[in-house]
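Given these sequences and hints, build the entire structure.
Listed in order, the protein sequences are those of chains A and B. Anchor point for the first sequence: position 193 equals 205 in the numbering used here, and the numbering is continuous, going up by one each time. Anchor point for the second sequence: position 215 equals 218 in the numbering used here, and the numbering is continuous, going up by one each time.
Where hints are given, some of them may not hold.
Said to hold, decoys possible - Computed cross-link-like contacts, DSS-like style, restricted to lysine-lysine with a CA-CA straight-line distance of at most 30 Å:
(1) A:K56 - B:K151
(2) A:K56 - B:K150
(3) A:K56 - B:K180
(4) B:K108 - B:K121
(5) B:K60 - B:K180
(6) A:K288 - A:K303
(7) A:K56 - B:K147
(8) B:K121 - A:K237
(9) A:K28 - A:K56
(10) B:K147 - A:K24
(11) B:K232 - B:K213
(12) B:K150 - A:K24
(13) A:K237 - A:K303
(14) B:K151 - B:K213
(15) B:K60 - B:K213
(16) A:K288 - A:K237
(17) B:K150 - A:K28
(18) B:K232 - B:K22
(19) A:K28 - B:K147
(20) B:K269 - B:K108
(21) A:K302 - A:K252
(22) A:K28 - B:K151
Stated by the list, open to error - Going by beta-carbon spacing under 10 Å, a handful of chain A positions derived as facing chain B:
(23) G43
(24) R58
(25) I60
(26) Q61
(27) I62
(28) Q67
(29) N68
(30) G71
(31) V72
(32) A77
(33) S79
(34) V83
(35) E98
(36) Q102
Derived from the structure by calculation, the hints contain no laboratory data. Note that the Cβ used here is the ideal one computed from N, Cα and C, for glycine as well.
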Amino acid sequence: MVRAAQRKYYGKALAKLAERPDIVVLDADLGDSTRTSEFAAAAKDRFIQIGIAEQNMMGVAAGLAASGKTVFASTFAVFATGRCWEQIRQAIAYPRLNVKVVATHCGISVGGDGASHQALEDIAIMRALPNMTVLSPADANETYEATIAIAEYNGPCYMRMGRADFPIITPEGVKFTIGKATVLHEGNDITLIGTGQMVVSCMEAANILEEAGISAEVINMSTIKPLDTETVLRSVSKTKCVVTAEEHSIIGGLGSAVAECLSENGPMPMERVGVKDSFGESGDPSELMKKYGLTTDDVVAAAERLIERKGRK
Amino acid sequence: MTEMVHMGTANGLDAKELKRMADKIRMHVIEMTFEAGSGHPGGSLSAAELFSVLYFKVLRHDPEDPEWPGRDKFVLSKGHVAPALYAALAESGYFPVEELLTLRKLGSRLQGHPARGKLPGIEVSTGSLGQGLSMACGLSLAAKLDKKDTRVYCLMGDGELQSGQNWEAMMLASHYKLNNLTIFVDRNRLQIMGKTEDTLSIEPLEAKLKAFGFRTMTIDGHNVKQIIKACERTSSSPTAVIMNTVKGKGVSFMENNPDFHGRSCKPDERDRALKEIKERSSW
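Next comes the structure, spelled out in C-alpha cells:
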C-alpha cells in the first residue's frame with residue numbers, strides 16, 4: 013500500500029490555496045514539521061511567524077479573521093488545542109470567526125517524543141466547543157481535500173492529523189464534504205467506525221472478520237463534529253453493534269460521540285478501541301500502537317467480543 | 004471626499020464637551036450597572052475620559068455604518084468595563100440610548116462582556132483578561148497586509164498585564180513594527196484583591212513596555228487634552244500610553260474604593276452618585 017504523511021498533503025493543499033488572497037497562515041515555529049512552510053514558499057507575505065506563543069497565535073488569528081481573512085493556524089496538536097484552548101474558545105469559537113486550527117502530531121504514533129507531545133485529548137476538548145467543526149481525515153488524499161473544504165467553509169474548524177506516513181486508502185481528487193461519513197465496506201453483522209489512521213485498521217479487521225464468517229461494515233468518520241448520525245444509525249439498524257477506533261483517548265473522542273448518538277437512539281452493544289485513559293510514552297510508533305491497544309488485532313478482538321455479546325442476548 | 008462623509012457626525016467635540024461627555028458616560032455606567040444589579044463600575048469610571056476622546060474625537064468611525072471599511076478599530080481588552088464602551092457607542096448613535104438599561108439581561112445585545120456579532124461596533128469578543136492585545140495585533144496586521152491606514156486602539160487594564168499572553172503580543176507588535184497600534188493602560192492601580200503592586204507588582208511598567216519595543220508615554224488619564232495628544236502618532240513603533248487614573252473617578256465615595264471593582268451601587272448610592280455628577284456637569 014502506498015504510504016504518505018498527511019501533513020505533506022496539508023502543505024500541498026495550502027500551497028494551492030495560496031492563490032486566494034484572503035488566506036493567511038500562522039506558524040508557531042514548527043512550519044517545517046507542519047508543512048505550512050509550503051505556503052510560506054508560495055505566499056511569503058501572508059505567512060506570519062508568531063514564534064513559540066500559541067496563545068497569542070490564536071488571538072492574532074481572531075483579529076485577522078475579524079478583518080476578513082481566512083486564517084490557518086498550525087502547530088502540534090498538544091499546543092494547538094491544550095495550550096490555548098481558552099483563547100480558541102473566547103477569541104474564535106464564541107464569535108464564530110473564520111479560523112482553521114490545523115494540528116499535526118496527533119496520537120501515540122508521534123513515537124519517540126513521548127507523552128508530552130502525544131495529543132490524546134484534542135478531539136474531546138475541541139468537540140466540546142460550540143460553533144467548532146472537528147475533522148480527522150483518514151489519509152493524505154483525504155487530508156488534501158479536507159483542507160480545501162475547510163478553506164471554503166466559513167467558520168471555526170479544528171483538523172487533526174498524524175505525524176507518520178500512513179497508508180493511502182481513499183482515492184485522489186474526491187471532494188470532501190464536511191459532516192459526511194463514508195461507508196468504505198458494506199456488511200451486516202457489525203459496524204466498525206474508524207477515524208484517522210485507525211480507518212485502515214478497521215478495513216484490515218473487516219477482512220480478517222470476513223474470513224471468520226463475520227460481515228463487517230466499515231465507516232470512515234472523518235468529521236467528528238457534526239457527527240454523521242444518519243450514516244451511523246442506518247448502519248446499526250442492520251448490524252446492531254458497533255466498534256469505534258481512534259488514536260485518541262476513549263474519553264470524549266469518536267467513541268464518546270458515537271456512544272452519545274447510540275444512547276439517544278436505542279442503546280446497543282458497543283466497544284471503544286482507543287487509549288484507555290492514560291498518557292503515552294516514548295517508543296517506536298508500531299510498538300506503541302501495540303502496547304496501547306490500537307492495532308488491527310485490537311479491533312478484531314473487540315468485534316468478536318461484541319458478536320458474542322449480541323449472540324447471547 | 005467619501006472619507007469625510009464617513010467621519011461620523013459625533014466626532015469633533017472640543018475639550019470642554021469631551022469632559023462633559025465623559026461624565027455622561029459615567030452617569031450611564033452608574034444607571035446601567037444599578038439596573039443590572041451587577042457589573043464593574045469602578046474601572047468603567049476610570050476610563051470614561053478615554054472613551055469620550057476616542058468615540059467623539061479620535062476614531063474615524065460611522066455609527067450609521069458600523070462595518071465601514073475605512074473605520075479605525077477599538078479593542079476593549081479589559082472587557083469587564085463594557086458598560087462604559089456601550090455608553091460611548093449608544094451616545095455615538097450605534098443603537099438607542101434606552102437600550103443601555105438592558106445590560107446583562109436575558110435576550111439583550113449588551114452582554115456582560117463585549118461580544119462580536121451581538122452588538123454593532125464590537126470588533127472582537129473580549130472579557131477573558133489578557134487576550135485583547137493579541138486580537139488587536141491581528142487587526143493591525145490585517146491592515147498592514149491590506150495596505151490600509153486603519154488605526155487600532157486597545158484599552159488594557161493594569162491588573163491584566165499580569166497575564167503572560169500580553170507580553171507575547173507585545174513582542175509580536177514590535178517585531179512587526181505595528182505602528183498603527185496604540186495601547187492604553189488604565190493605570191488605576193487596583194484589582195479585585197487590592198492594589199496591583201501588592202497582588203503581583205507590574206512596575207516598573209514604562210521601562211517594561213519600552214523594553215518590549217513600544218514608544219511609551221505616561222499621561223493623566225482624566226485629562227482629555229493629554230489623551231488627544233497621546234493619540235497623535237509619529238512613530239515607527241507601536242505606542243503604549245500609561246494613563247494614570249483613579250478607579251471610580253468622578254464619584255467621591257467610589258474613588259479608589261476596590262469595593263466598586265465588581266459591584267454596582269445600592270439605591271441610595273446611585274442617587275448620590277448621579278446627583279454629584281449632574282451638579283458638576285449640568286446634565
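Taking the hints in turn, this is what the structure says about them:
A threshold of 30 Å between alpha carbons decides the hint, and for A:K56 with B:K151 the separation of about 19 Å falls inside it, so the pair holds. A distance of roughly 16 Å separates the Cα atoms of A:K56 and B:K150; the hinted pair therefore holds under the 30 Å criterion. Annotation: proposed proximity of A:K56 to B:K180 holds, straight-line Cα distance about 17 Å (limit 30 Å). Note on B:K108 and B:K121: the hinted pairing holds, with a Cα-Cα distance of about 13 Å set against a maximum of 30 Å.
Taking the CA atoms of B:K60 and B:K180, the gap is near 25 Å; set against the 30 Å cutoff, the hint holds. The suggested pairing of A:K288 with A:K303 holds, with an alpha-carbon distance near 11 Å, which does not exceed 30 Å. Our distance criterion of 30 Å between C-alpha atoms is met by A:K56 and B:K147, whose separation comes to about 14 Å. Using a Cα cut-off of 30 Å, the hinted pair B:K121 and A:K237 holds, with the two alpha carbons roughly 25 Å apart.
Restraint check: the Cα-Cα separation between A:K28 and A:K56 comes to about 14 Å, which is no more than 30 Å; the hinted pair holds. Of the supplied pair hints, the one linking B:K147 and A:K24 holds, its CA atoms being roughly 27 Å apart against a limit of 30 Å. Distance hint between B:K232 and B:K213 is fulfilled; the C-alpha atoms sit about 19 Å from each other, no more than 30 Å. Distance restraint check for B:K150 and A:K24: the Cα-Cα separation of roughly 28 Å lies within the 30 Å cut-off, and the hinted pair is therefore satisfied.
With a C-alpha separation of about 29 Å, the suggested pairing of A:K237 with A:K303 holds against the 30 Å cut-off. Pair hint B:K151 plus B:K213 holds up; C-alpha atoms about 26 Å apart against a cutoff of 30 Å. For a cut-off of 30 Å, the pair hint linking B:K60 to B:K213 stands: about 27 Å separates their Cα positions. Simply put, A:K288 and A:K237 have alpha-carbon atoms about 22 Å apart, close enough for the 30 Å limit, and the pair holds.
Between B:K150 and A:K28 the CA atoms are separated by roughly 24 Å; this keeps the pair inside 30 Å, and the hint holds. A distance of roughly 15 Å separates the Cα atoms of B:K232 and B:K22; the hinted pair therefore holds under the 30 Å criterion. A threshold of 30 Å between alpha carbons decides the hint, and for A:K28 with B:K147 the separation of about 23 Å falls inside it, so the pair holds. Restraint check for B:K269 and B:K108: satisfied, since their Cα atoms lie roughly 18 Å apart, inside the 30 Å limit.
Of the supplied pair hints, the one linking A:K302 and A:K252 holds, its CA atoms being roughly 28 Å apart against a limit of 30 Å. For the given pair, A:K28 sits about 26 Å from B:K151 by alpha-carbon distance, which is consistent with the 30 Å threshold. Checking A:G43 against chain B: minimum C-beta separation of about 16 Å lies over 10 Å; hint violated. Interface restraint check for A:R58: the shortest CB-CB distance to chain B comes to about 7 Å, inside 10 Å, so the restraint holds.
Hint status for A:I60 relative to chain B: holds, with the closest Cβ pair at about 7 Å, below 10 Å. At a threshold of 10 Å, the smallest CB-CB gap from A:Q61 to chain B is about 9 Å, leaving the interface hint in force. The beta carbon of A:I62 comes within 6 Å of a beta carbon in chain B, closer than 10 Å, and the hint placing it at the interface holds. A hinted interface residue such as A:Q67 counts as satisfied when its beta carbon comes closer than 10 Å to some beta carbon of chain B; here the least separation is about 4 Å, so the hint holds.
Hint on A:N68 holds. Least Cβ distance to chain B is approximately 4 Å, under the 10 Å limit. For A:G71, the shortest C-beta to C-beta distance to chain B is roughly 2 Å, which falls under 10 Å, so the interface hint holds. At its closest, the beta carbon of A:V72 sits 4 Å from a beta carbon of chain B; the interface hint therefore holds under the 10 Å criterion. Hint on A:A77 holds. Least Cβ distance to chain B is approximately 7 Å, under the 10 Å limit.
A least Cβ separation of about 3 Å between A:S79 and chain B falls short of the 10 Å threshold, and the interface hint therefore holds. Using the Cβ-Cβ criterion of 10 Å, the hint placing A:V83 at the interface with chain B is satisfied: the shortest such distance is roughly 8 Å. The beta carbon of A:E98 comes within 6 Å of a beta carbon in chain B, closer than 10 Å, and the hint placing it at the interface holds. Proximity of A:Q102 to chain B holds as hinted, the smallest CB-CB distance being about 5 Å (cut-off 10 Å).
The structure does not agree with numbered hint 23 stated previously, though it agrees with all others.
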